[in-house]
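Protein chains: 2
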Amino acid sequence: MSYTETDLLSINTIRLLAIDAIAKSNSGHAGAPMGLAPLAHILFTRIMSFNPKNPKWINRDRFVLSNGHACMLQYALLHLSGYEVSMDDLKHFRSLDSKTPGHPEPHETPGVEVTTGPLGQGFANAVGLAIAGKHLAAEFNRPDFDIVNNYIYCIFGDGCAMEGIASEAASAAGHLQLNNLIAFYDDNHVTIDGDTNCAFREDVVMRFKAYGWHTEVVEDADRDLEGIEAAIRRCHKVSDKPCLISLRTTIGFGSKHQGTCSVHSGPLAADDVKAFKTNAGFDPEQSFIVPQEVEKVYQDRALEGSEKEKQWDKLFARYQQEHTEPGTDLTRRMADLLPDGWQKSLPTYSPKDKLIATRETSGLTLDSLQAVLPELMSGSADLTPSNNTRWPSAIDFQPPGLRLGKSNWSGRYVHYGVREHAMAAMMNGIAAYGCLIPSSGTFLNFMSYAAGAIRLSALSRMRVIYIATHDSIGLGQDGPTHQAVETLAHFRAIPNLMVWRPADGNETSAAYYVAMTSKQTPSMMVLSRQNLPQLENSIIEKAMRGGYVVAEVGESPAAITLVSTGSEVCICIDAALMLRDRHGVGSRVVSLPCWEMFDRQDKDYRLSVLLDGIPCLSVEVLSTYGWERYSHEQFGLNRFGASGAYKDVYKKFEFTPEGVVKRAMATIDYYKDAAPRSPVNRAFL
Amino acid sequence: MSYTETDLLSINTIRLLAIDAIAKSNSGHAGAPMGLAPLAHILFTRIMSFNPKNPKWINRDRFVLSNGHACMLQYALLHLSGYEVSMDDLKHFRSLDSKTPGHPEPHETPGVEVTTGPLGQGFANAVGLAIAGKHLAAEFNRPDFDIVNNYIYCIFGDGCAMEGIASEAASAAGHLQLNNLIAFYDDNHVTIDGDTNCAFREDVVMRFKAYGWHTEVVEDADRDLEGIEAAIRRCHKVSDKPCLISLRTTIGFGSKHQGTCSVHSGPLAADDVKAFKTNAGFDPEQSFIVPQEVEKVYQDRALEGSEKEKQWDKLFARYQQEHTEPGTDLTRRMADLLPDGWQKSLPTYSPKDKLIATRETSGLTLDSLQAVLPELMSGSADLTPSNNTRWPSAIDFQPPGLRLGKSNWSGRYVHYGVREHAMAAMMNGIAAYGCLIPSSGTFLNFMSYAAGAIRLSALSRMRVIYIATHDSIGLGQDGPTHQAVETLAHFRAIPNLMVWRPADGNETSAAYYVAMTSKQTPSMMVLSRQNLPQLENSIIEKAMRGGYVVAEVGESPAAITLVSTGSEVCICIDAALMLRDRHGVGSRVVSLPCWEMFDRQDKDYRLSVLLDGIPCLSVEVLSTYGWERYSHEQFGLNRFGASGAYKDVYKKFEFTPEGVVKRAMATIDYYKDAAPRSPVNRAFL
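As they're listed, the protein sequences go chains A and B.
The numbering used here puts the first residue of the first sequence at 1, with every later residue one more than the last.
The numbering used here puts the first residue of the second sequence at 1, with every later residue one more than the last.
Think of the hints as simulated: they come from the structure by calculation, not from any bench.
Please note that a few of the clues may not be correct.
[Said to hold, decoys possible] Straight-line Cα separation of at most 27 Å, DSSO-like style, residue types lysine-lysine; simulated pairs:
id: 1; chain 1: B; residue 1: 651; chain 2: A; residue 2: 99
id: 2; chain 1: A; residue 1: 237; chain 2: A; residue 2: 256
id: 3; chain 1: A; residue 1: 651; chain 2: B; residue 2: 24
id: 4; chain 1: A; residue 1: 672; chain 2: B; residue 2: 672
id: 5; chain 1: B; residue 1: 647; chain 2: A; residue 2: 91
id: 6; chain 1: B; residue 1: 24; chain 2: A; residue 2: 91
id: 7; chain 1: B; residue 1: 209; chain 2: A; residue 2: 603
id: 8; chain 1: B; residue 1: 651; chain 2: A; residue 2: 662
id: 9; chain 1: A; residue 1: 647; chain 2: B; residue 2: 603
id: 10; chain 1: B; residue 1: 651; chain 2: A; residue 2: 24
id: 11; chain 1: B; residue 1: 652; chain 2: B; residue 2: 662
id: 12; chain 1: A; residue 1: 209; chain 2: B; residue 2: 651
id: 13; chain 1: A; residue 1: 647; chain 2: B; residue 2: 91
From a predicted model like this one, the values you see are computed outputs, not experimental measurements.
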């Protein structure tokens with residue numbers, strides 16, 4: 001079907017909506033929406049399957065705008081297509097508490113799949129979405145039942161192309177042969193600093209070929225609508241590669257300043273807007289106009305989408321009859337429910353159990369859970385044997401035909417490669433797809449490489465589980481380059497991210513329980529390399545509260561509270577015994593594995609843990625930064641670590657019962673004349 | 001000159017030293033040193049110019065081992081070449097307080113240029129070193145005076161090749177046509193998770209071609225010594241591209257398990273070690289052996305290096321006579337001294353000056369300083385107009401012939417592209433080269449993308465200046481994806497990193513003064529997008545102390561201290577006036593632009609700023625995480641921000657004088673019966 005005047009009018013309507021919204025808010029980026037309007041129009045009216053009335057339909061095609069600053073493009077399309085994005089929402093673009101924020105966020109705007117704007121993230125999310133699609137197709141599809149067969153369409157610009165995260169993700173996608181992914185490179189030659197020639201002269205298409213992608217080039221994507229569509233349809237025929245379509249576009253197409261960096265950001269000048277409208281056949285005095293024939297094009301397409309979902313519903317109803325077990329499973333997972341009684345699989349431990357690192361208790365937990373949670377999809381950034389992320393029976397997620405052991409697209413273990421940042425963003429994509437819970441690991445220190453994406457897990461409320469092993473100087477010989485110091489402070493300061501540092505196996509199980517049941521919150525499991533004892537009083541139900549009294553030693557009332565996490569809790573318990581035996585001092589030991597959960601407890605409970613009237617000393621072998629919130633005095637590591645056998649390093653920095661006792665006695669002495677208030681008490685909320 | 005038995009013996013000696021050291025420490029990575037020994041031997045005996053007696057000679061060739069876990073390779077070569085790395089140091093590999101830590105660190109080991117181990121960093125450092133070399137050559141070389149003409153040699157493995165940071169840096173290097181950079185890809189097909197086929201099947205050589213690199217492939221780099229040398233010599237003839245030499249090697253060459261991931265980490269089995277030694281002609285019962293003829297090869301080469309430096313000294317002596325001005329300048333810079341009186345160029349401001357954002361005062365400072373500090377090299381990750389990092393007269397650092405405005409290799413402004421992580425690591429490389437002070441910008445929120453490299457600036461004590469603008473919800477419409485919340489906590493928690501959040505122009509000048517004079521400490525300038533007033537009592541000398549009393553308002557003694565930074569200080573001053581006028585309450589306002597500097601002041605001073613006996617309320621429009629260290633109560637933003645005009649967003653979250661007053665009154669009320677201790681007082685250090 002060829003393109004008509006109505007299509008051109010539609011494309012200019014998209015441009016007009018972008019221009020008008022950006023003019024009204026006096027903020028935003030018009031250049032990319034104007035340049036990308038032809039592609040977006042084709043995608044939304046001829047290519048993609050979606051139902052605006054049910055943005056959560058599992059088999060919809062996904063659209064990701066990785067250059068999220070171009071979000072007026074997406075908002076305009078969502079509005080035209082009939083999603084719950086009204087003209088009024090467009091008029092409140094970028095204004096406080098609107099549905100149309102400065103960059104796309106899925107929890108704010110129906111039809112937005114992932115949070116984009118921080119460059120490169122959307123592209124890597126798209127690879128994650130494609131992984132999820134491939135995996136669910138392999139898991140659920142049966143002969144005559146293509147339950148999952150959608151595509152992921154992603155637009156990215158020069159900024160994304162330059163970001164390392166996108167390079168990592170593109171390399172992974174090529175390896176994984178994700179042919180359900182079609183990415184469009186908006187090759188417009190303009191960035192904020194000017195012509196891309198000032199910093200970026202590589203051959204992007206050749207680079208993607210090197211990654212193993214199928215590539216297409218559309219030389220005049222401003223005008224060659226047939227060419228764009230034909231390229232997409234050729235990509236649909238590719239069976240073993242992700243596809244790149246490089247589109248030569250003109251940024252700000254239709255503006256007087258098209259093709260220059262002056263149209264990248266900010267509103268167009270009033271006369272430029274008027275000239276554009278006049279040239280495009282609109283009334284230059286009117287704003288936010290959608291011609292009727294354009295409305296109809298999009299309404300018709302929405303009806304087609306609604307019809308497609310109905311057909312899919314019928315297919316799925318038959319599937320549930322013919323394939324009862326997977327049908328029931330998928331139904332449960334689409335409803336975002338965990339299977340009844342799954343938590344009974346959480347391992348429990350007693351003090352008689354052997355010394356074992358929390359990275360190992362984490363591994364045991366994953367192994368138990370994978371058997372009852374088919375939605376669990378694990379992985380590692382090339383530290384599989386160190387992160388304990390792979391259960392013994394795991395099948396690798398790999399393209400068919402790779403013949404690397406037992407592996408195929410139904411596998412639930414992803415070898416992400418040494419690509420921490422993309423791994424995190426791919427997990428965001430997997431979680432965003434639905435029906436899957438991604439968990440993956442690297443060393444705690446290298447979670448920093450993924451900071452940009454981890455923050456977006458929290459902002460976009462994705463249930464993603466980060467497994468951060470080798471969590472301190474306790475990793476020993478690898479030395480300061482690998483020993484986290486500031487990392488806990490960093491991640492604890494991110495809102496809506498649960499950072500767990502369990503002290504033993506039961507606390508590890510508690511962490512996983514809360515992580516799995518927190519549908520809108522990512523979690524990070526911070527785990528030891530070194531072996532630790534199973535504590536006397538650690539109980540899953542207590543640890544779930546984020547903080548609890550794990551030991552009371554010696555005379556009551558106690559003279560001091562020792563508050564600690566992870567591998568230092570057992571040292572504190574030994575210190576408490578030493579305080580009693582050598583100094584006749586009674587003490588309490590508090591384990592505080594998750595501050596975020598502890599803060600959610602009622603005040604009475606928190607006050608019962610961190611008592612009023614006695615001093616509280618925190619003990620954690622990383623930066624003390626932030627610990628003043630839960631303690632009066634702090635013992636930690638406010639410098640970089642050291643390379644050496646782990647016990648030598650702990651000794652050097654006095655992380656021994658003796659070292660704790662020394663500081664506890666100093667603390668008791670300091671507060672002997674003035675009983676301090678509990679850190680829980682505050683002047684205002 | 002062909003290769004002899006002595007060369008083969010030398011190569012096996014390197015392998016033996018690596019094996020023995022790793023066996024003794026029972027920790028480390030033998031596989032890569034064994035596979036890379038031939039290349040390293042060629043580099044250190046035939047290619048590189050260096051003087052082990054003066055590891056800081058400015059025109060030495062630089063060697064970067066980006067796969068830093070292979071550090072026993074580097075330590076062995078440094079020992080053999082006669083650097084201050086003794087056989088005893090090798091025997092204490094990875095033990096506490098040794099000169100041979102788990103990964104290379106320049107401040108620990110003479111001859112190590114940059115800190116590597118976190119994958120991809122070294123590669124990007126090497127690109128930075130190459131930028132520095134190209135720039136200094138363009139700045140200082142004159143006809144017949146090739147003062148700077150050294151090469152940067154960098155080895156990297158599959159891990160580095162997968163990391164986004166290395167992709168970013170490689171793309172930048174190709175664009176910049178850095179032909180003084182020769183990178184060796186250790187293509188050994190093995191990573192921790194197994195064969196690279198499990199995650200990494202791209203065509204690395206084609207990818208580098210796409211970046212604009214010259215490429216060479218050596219098919220049998222285990223044996224083809226002539227081939228390796230010939231490839232390097234061909235690269236020396238390349239005039240307009242960085243060079244990649246892809247070496248097909250066998251990991252753990254010589255071990256029974258060579259070519260498998262079992263030789264990647266950990267010591268070789270005892271029988272494997274013995275078999276290796278026997279096969280290589282060593283006594284299997286002896287360890288840490290260097291045959292005399294091998295010693296001689298390296299000693300001869302060291303003498304050649306020493307002689308080369310002597311020749312260079314003569315050349316430079318003549319240069320100083322014939323080219324007095326640059327000669328004097330380079331002499332000063334090699335001595336790591338700033339020019340006399342440079343600080344007189346720091347701008348000063350008075351309250352009469354207009355409202356101006358601190359990103360602008362930062363830009364004005366850079367412009368003033370660049371005129372007196374030719375070592376200052378600025379840049380941005382494609383946010384030049386937003387970061388205010390480019391002074392009006394700047395010349396861009398670009399390859400000759402690009403013809404993008406006025407630009408060439410003598411330029412001091414680098415367009416890093418949208419590559420934050422590589423930018424930070426490239427700056428580490430530039431600083432490591434010497435004679436240059438790099439500074440570059442992005443939004444504060446996107447400094448998180450560079451976290452891995454920023455941490456290494458601090459660990460390796462590099463004077464690098466990060467310019468982090470748009471530092472809060474004050475950036476307005478771009479919304480939560482761009483608004484930093486946790487970021488200050490993250491960077492403040494890094495040891496040896498000075499985080500400055502100046503409140504106005506004078507504080508900005510103070511920040512730059514301290515940054516420039518802190519030779520072993522990186523700094524981050526955290527700067528507002530929005531305009532701010534010039535404060536009444538801000539004085540450079542006071543602000544340099546990291547914290548000071550900027551206002552005392554109303555009755556004395558004050559009932560409360562308001563402690564704040566950056567854009568909230570002026571709000572606190574308005575709140576103090578309101579406390580006086582509406583509530584008759586006296587208060588003090590403390591500006592605390594740099595915690596790291598404040599902590600370095602003596603206790604009396606700190607107590608004079610944060611008084612004993614009155615409550616202290618912190619006010620900062622980011623996470624309150626960490627503020628308990630300097631205040632009793634905290635007002636901040638412990639959630640993600642919002643998209644909207646900045647004043648609307650500030651109002652929404654009550655960052656107004658009224659909002660501060662409300663919390664100040666609650667704080668005063670809460671502490672009325674129990675005067676709190678100053679947060680400066682502690683039970684122990």
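Report task. Just pull the numbers of the violated hints for me, sorted ascending. Result -> 2, 6, 7, 8, 9, 12
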